[in-house]
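With the hints as a guide, bring the two chains together.
Protein sequence lines, in the order shown, are assigned to chains A and B.
Quick note: the first sequence uses the working numbering, first residue 1, plus one each step.
Quick note: the second sequence uses the working numbering, first residue 1, plus one each step.
Calculated from the structure, these hints are not laboratory results.
Note that CB positions come from ideal geometry on N, CA and C, so glycine has one too.
Every clue listed holds true.
No farther apart than 30 Å at their CA atoms in a straight line, the calculated lysine-lysine pairs in the DSS-like style are these:
hint: 1; chain 1: B; residue 1: Lys156; chain 2: A; residue 2: Lys5
hint: 2; chain 1: A; residue 1: Lys267; chain 2: A; residue 2: Lys474
hint: 3; chain 1: A; residue 1: Lys374; chain 2: A; residue 2: Lys95
hint: 4; chain 1: A; residue 1: Lys425; chain 2: A; residue 2: Lys170
hint: 5; chain 1: B; residue 1: Lys302; chain 2: A; residue 2: Lys309
hint: 6; chain 1: A; residue 1: Lys5; chain 2: B; residue 2: Lys214
hint: 7; chain 1: B; residue 1: Lys68; chain 2: A; residue 2: Lys47
hint: 8; chain 1: A; residue 1: Lys73; chain 2: B; residue 2: Lys68
hint: 9; chain 1: A; residue 1: Lys309; chain 2: A; residue 2: Lys133
hint: 10; chain 1: B; residue 1: Lys183; chain 2: B; residue 2: Lys238
hint: 11; chain 1: A; residue 1: Lys169; chain 2: A; residue 2: Lys478
hint: 12; chain 1: A; residue 1: Lys3; chain 2: B; residue 2: Lys156
hint: 13; chain 1: A; residue 1: Lys3; chain 2: B; residue 2: Lys219
hint: 14; chain 1: A; residue 1: Lys474; chain 2: A; residue 2: Lys95
hint: 15; chain 1: A; residue 1: Lys364; chain 2: A; residue 2: Lys374
hint: 16; chain 1: A; residue 1: Lys198; chain 2: A; residue 2: Lys170
hint: 17; chain 1: A; residue 1: Lys3; chain 2: B; residue 2: Lys212
hint: 18; chain 1: A; residue 1: Lys425; chain 2: A; residue 2: Lys267
hint: 19; chain 1: B; residue 1: Lys152; chain 2: A; residue 2: Lys5
hint: 20; chain 1: B; residue 1: Lys302; chain 2: A; residue 2: Lys198
hint: 21; chain 1: A; residue 1: Lys47; chain 2: B; residue 2: Lys302
hint: 22; chain 1: A; residue 1: Lys478; chain 2: A; residue 2: Lys179
hint: 23; chain 1: A; residue 1: Lys137; chain 2: B; residue 2: Lys68
hint: 24; chain 1: A; residue 1: Lys5; chain 2: B; residue 2: Lys212
hint: 25; chain 1: A; residue 1: Lys3; chain 2: B; residue 2: Lys215
hint: 26; chain 1: A; residue 1: Lys133; chain 2: B; residue 2: Lys68
hint: 27; chain 1: A; residue 1: Lys335; chain 2: A; residue 2: Lys168
hint: 28; chain 1: A; residue 1: Lys74; chain 2: A; residue 2: Lys198
hint: 29; chain 1: B; residue 1: Lys152; chain 2: A; residue 2: Lys3
hint: 30; chain 1: A; residue 1: Lys335; chain 2: B; residue 2: Lys302
hint: 31; chain 1: B; residue 1: Lys215; chain 2: A; residue 2: Lys5
hint: 32; chain 1: B; residue 1: Lys219; chain 2: A; residue 2: Lys5
hint: 33; chain 1: A; residue 1: Lys309; chain 2: A; residue 2: Lys47
hint: 34; chain 1: B; residue 1: Lys214; chain 2: A; residue 2: Lys3
Residues of chain B placed beyond 12 Å of chain A at every Cβ, according to the derived structure:
hint: 35; residue: Arg34
hint: 36; residue: Val55
hint: 37; residue: Leu135
hint: 38; residue: Trp154
hint: 39; residue: Leu157
hint: 40; residue: Leu161
Each chain, letter by letter, is given below.
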Amino acid sequence: MEKIKRNTIGVLILLVGLYLALIGYFCYAVLFYGDRWFSDSYNTRVKMDARQPRIIPGDILDRNGDKLAWTEKKAVKNPETGRNEDYYTRVYYSKASSVAHVVGFHNSEYGRMGVEAFHIYYLMGYNNSLIEKIYQKAFLAQERGNDVVLTVDRRLQEYISGLVSAHKKKGSVVLLNPKTGEILAMVSYPTFDPNNIKKFEDDTLVNRATQGLFPPGSIFKLVTAASALDNIGDIRQITFNCPGNILIDGQGVRCYQGKAHGELDIKQALTVSCNTFFARLGVEIGWKKLLNTGKGFGFNDDFLFSDIKVTPSSLPINYRVSEQELAWSAIGQGKVLVTPLHMAMLAASIGNDGIMMEPKLVYKVIGRNGNIQKQLQPDVYKTAMSYENANILKEMMEAVVLEGTGKNARSGKVGIAGKTGTAEKGSSGSDSSNLAWFVGFAPADDPTLAIAVLIEDVGQGHTGGSEAAPLARKAIEKAVELGY
Amino acid sequence: MPDNQYEILALTLRYWFVLLVIYTFVRSFLSTWRRLIGSNSLYSESTGNIPFILVLFAISAMILLSLKDDINLLIMVLGVLISAAFLFQYLFISYFFAGIDKYILLMVDTLCIAGFVMLQRLNPDLSFRQVEWFLMGSIVLLFFTIYTRYFKHWDKLNYLLMAVGCGLLLLTLLVGKEIGGAKNWITIGKYNMQPSEFVKIILVFVLSAELKQKKSRVKRLPVFIFTAIVILMVVLQKDLGAAFLYFCLFVFLYYIATSDLLVTGCAGLLASIGAVASYFLFGHVRVRIAAWRNPWADIENKGYQIAQSLIAIASGGWVGLGLGLGSPQVIPASRTDFIFAAICEEMGILVGIALIGLYMLIMLRGISTALEAHEPGDALLAMGAAVSLAIQSFTIIGGVVKFIPLTGVTMPFVSYGGSSMLVSFGLIGIIQGVAQKNHDIRQREAEQQQINDDSGEDYGED
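Isolated chain B (complex conformation) (with noise of 0.2 Å):
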């Protein structure tokens, strides 16, 4: 197709695209608020075209960006197989799971598919390979899922979590792989993956399963010392993003569970002594601080990565340059950690203000099911998953924004990688197991109440 014609179609579709992903934000929204001030409860909810508007978006982006320079058929079939992996994962699921919050999943999938676009913008050969990693992470939710719903133990295994977790950051530490300035790959086979993500659902069960129980400061003490030893392990990684992760997931966590402002309020103060160290003992620790406080003072060097993401998110405007007619490739880590600024660049700030919000409605959702939780220990889970998720994506997006200093962790669904896309999609599997068991509990509450209430009428007529 003649390179004026794409142009012409990539600048008319794209408030097509701004639209559709503003819709899903804004019925997600809606229903979000009516479950919040409680006129509507989780199973009467209605997700209403919210799946086919996904397969609008999926097919329509993939087709135009099969029209750039060569008709390409494959990059067609691609946005089929993308539909196909989509549909059949979300029916599937709440086929099986009547009890799970289907507009979680849905969001999820709203941003994983906004990631397939992008990559295939990016780099095709990605793009494909994340739908297998999208795959898996499908099979991985539907293991959590069963294994928060139904295997009722898990607490038993708390010593052999906490030795694997200690275990594969030891082993990264050792025969560890730095890329892109943190030596937190390890290399199996030809995958790299990152142990790092591995160990937070280690972290959300560990601290889960000690904290649900009531018990003096002193006895909690290996939970205390696991979790200093993990954080530690990931900042003598350079991992930063991962420490700060792991450092929020314990104190949210703990205070939660326990009330215990005192610990609480410690944890706050070590932390910011270590950060404050951190910044006077490691040299690349003060090169971000300085990248963000003035990224321009240095934009050849220190400030590249900060400007560019700037510059680009400021070059595609409100509604985007188009898909295909930016030039998202300079971003530097543009697939990964900057795949935020590359998607406000061709698709517009608005979609880019629409996916915060889907992670802040993620989190929300992923909190009330936490509330509407029987016991502590599923309210925990719910909670550190849920938790988890949000702070990532609030570091990574607020990085990219310059809102706050830039440490590299990957953006939820939407980066490309495996590691995380199968970590993520792990935590809105114990979310999902959580839903499902309140829904079960409710389930039978309820028909205890009608047979309650048939023997009552029944004891009333004689």
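Isolated chain A, as found in the complex (with noise of 0.2 Å):
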């Protein structure tokens, strides 16, 4: 009987450690997740309804209070009854297009996207008070949604966009604000006009600056030396001999048309962008600590932003990793996956002393009065290196626009640091077509702009140099006159 008592006394332990994870848990994923179940497409509960909607949802507006979407009522013929009834659509203003992927739609037929998906909260009102709720049910004919005002800048957003569709090649851009994260342009293209919304052609919906994966290329360089400066505490004074390629574990790692950089420091090879050297370089560092440094960078992280819902990237390297995959990934290839705006981010937090902030798209959200219920609240998301090897990384950084790879970037409105990029997009080398890069900050002493540009597809011959810097400049210089 006495074993009987202690055996039910561990099994009722158990028993309550079980609860009490199922309670932990709940709350948990309620607190973290919830506001992404909330907002799912698939919630029914949140649809406007076209003939006698409960809550009419709000505006969404740029920063400098342009409208950028509205609900309208129109009468229109039903053909069954044959009289004129009132239906409500969402309106979007004329150039939408250039904002689609950031703004969405809400549609009866296709469903819900972007903010409109993201932030229906607002949109329909969810956040307000009981008071305000029941004094709109008791005294207003109809329910009213709070207005959006987005961080993005409507100007902004129809000229890179015209750069991006000029290209005639699927690509991103993503501009925002090192110091807040506050995002003031994030364009995708293919686009689609969201008050005729028709066909679609394959990925036209995807939001790629913030959907899509993409192999980094030399980019990630940025990372790898970010690590050998935290990790190797002589790296500035180590030289290597570039032959132009070099055998890792058996796999030949080669420099951009095989040329031989010679011998060169730290700074050199990421001016020049020397896939050897930081390939030998990543092997140098270790699995460990270059997974360490990426992991500061947000690197597989779930990225619970509270304004935008972001793809985590990947960089999956752990113990079992080669050799040759680990050289592979120290350069932004094998499979290394990130979207443009976590690059973004990537380049904003070395021209913000290292410091990561979280990407902001809600500026402010206005009530039924005028009143503002939301405001932008800037939040650090990673501190992801050191002040020192930030502001080393940066020099870096403006020797690549003035002598490296970068030099299409110049610009003499404004000093801009940055780094070019060139992914093969297949994993396998036949694949022809390649990715263009370009990520950077500007202005280069006191950044108040970080931006990271895309462009697929880019034929033989072609790179990150050549196709992204040219359109990193002039979506600067634009931002730039606009006072930014």
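Listed below in structure tokens is the structure:
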């Protein structure tokens, strides 16, 4: 009997543990993922009814107060009854295709996307206080949601969208403020017209800036360099003789067009984007430290940002990684995958003395009477690197634009620092299409702008320097002109 | 009543419902805590105003629901009926059995009333039938209380029970009907019933009777075989929830009774192998696992149930959208397996957590009863009933909130369903029977003590 009692108490403790774990998990999941579940486009509770909407969604505005999306009532003849009936639809401004992926759409047929989906909580007025809800139900003919003011600038969106579409290639640009994390422009091309969603071509609806995963190519060398600065004390004194082609673990790693760069240190290696140097460096650092630095920059993190849904970037290296895979990862090839927004954050963190800010998309939420219900609060997301190392890396990135692969980004109006990248899209070498990358920030000494540019499917012979860098320069110059 | 007036009322009253449920939980928790740390014995506990609070909850929720659309007097009457049924059950049983654990009864009734309210909201017909099942369940509760308390030779029926259990499951395999992906229903007249539920009670009795005696492993062979057969049969019926439940019941009871880590470990190993094998053998298991790992990946098919459940829970928020203001009907199986999500949506996550807490407290008190038992057989009976209820509610709630893969079992006392209600009440009846026995034994001892003391004093005076 004594034994039975002792065992019973053991089982009791086990079961209580199970229940506490269940309650704990439940609270954790609701707190951290609840708003994502709520805003899912399969949530039919928050759908706007076309005939007699219970709640009319609020407007979406850009940071200067220009309307991007609003609700309109139209009298449409009902073919069944022959009478005119009021129909409510969401209307988007005339050049909405330039912000289509940011604003998204709210459509009875196609569902919801973008801010229209993710911030439906505000748009439908779910954040209103009990008193406000009761007031609206009691005294208003129709309830009204709140207006959401975004951090994007409509003029910048239109300008950058024009630049990307001129290329006639798939691509994406993200421009943000490194100090606050405000997203000033986020463009994805090909795009669509939210006022007239009829047909899409395969991946038109994908917001490449936040949902598209691409190999980063040479811009990942920034992470490798940051890791080296952190972990190898005398890295700046070490030099390496680049033969243009080296063997690691039996497989060849070669520089662009097989060019031998000769004797160089880390700064020169970054400037000319030397593959062999960084491949060796990656092996030298080791997977553990490289992974740690990568995690510091947000790799492999779930990105549970409050304002925006971002696909996690992956840096899949672990104790089983071979030297060869590690070398490929260190130069941004292999299985490393990133989103353009994350790369803009990475550039921003280097410009912002190593502090990575959480990206923000909502500037303000304005209630029915014009009262501000929510205002942008900059949040630090991660401290990616130390102040000193960030500044060393900053200098290197300036050199890239002044004398290295990023020469095409040099501007007479503002000092730009950056890094180019040309990534092979397929893991197999036979795929001839490349990705052209440019990440950077400006003004170089005290950045207020950070940018990531991605152009897909550039032909052989085209690089990040030739395709993406000029576009980044133009976008930054326009932003400076507008006073950012 | 106009829509906007109803909405205002429901919006305001949701705080009231949260308050009532949380109050019941906190009262029960404090009382259980005091009992566990030993500053309060079962027989000096007072249930205070919990019955009153529950009546208030039932009536106010039903009045609110009756005001939706047109004023419906029938629903108000149902509210009164529920209160009457609950009070009658509670007062009747606690009058005749002074030794039972009143808190367990009240917590069970809280769950039932929450279920009535939600079912009324989802489908008015079901609510009334659920009250009928509640009353029948109370009779079953009474039956098992008396049976466990007074019937001393229940272990003689062991082989008969085993035969009945196997027969029921075999019958299901042969003539069973498939509802919701599992072939575990038998239709008798107009009723559908789930034999795998009844086997739970049989298993509790069979295991307790077999395990209370000290025997060698070889002599326990019949009970091993019986357990294996019932688990195999429910697996064949694709009723994985029941299989998991039977397995836990066996492992826990066996370990408690024998402290035999070897067999327990072997059983665990065997079950792990079985689980892995079933993952590779059965398509429906893979679907469940895939839906659990990422329901959003295939939200239109495999992940639909869980994704809708999570969306509903998140839409409700901490205090809920208000009774009648959400749309829990879009959750699949919202009346049975997913009723927890529906409750979270309209009454709030706080109420949901309180309900999980109530299940935990029922388990705690059930196991305390087992700890106070004087004979191994009684301890095992109470333990089996408590573990069975605890594992079942854990399995379904864990599945609904994506903590563990979903297996289709009902939420005891809350989900709609006759078999589930009767069996759950039966299990509570077992616990109460043991509690009553403990009480009677203790009282007899006290009287004995009294007599001894008295005679001792007499002796001293001489």
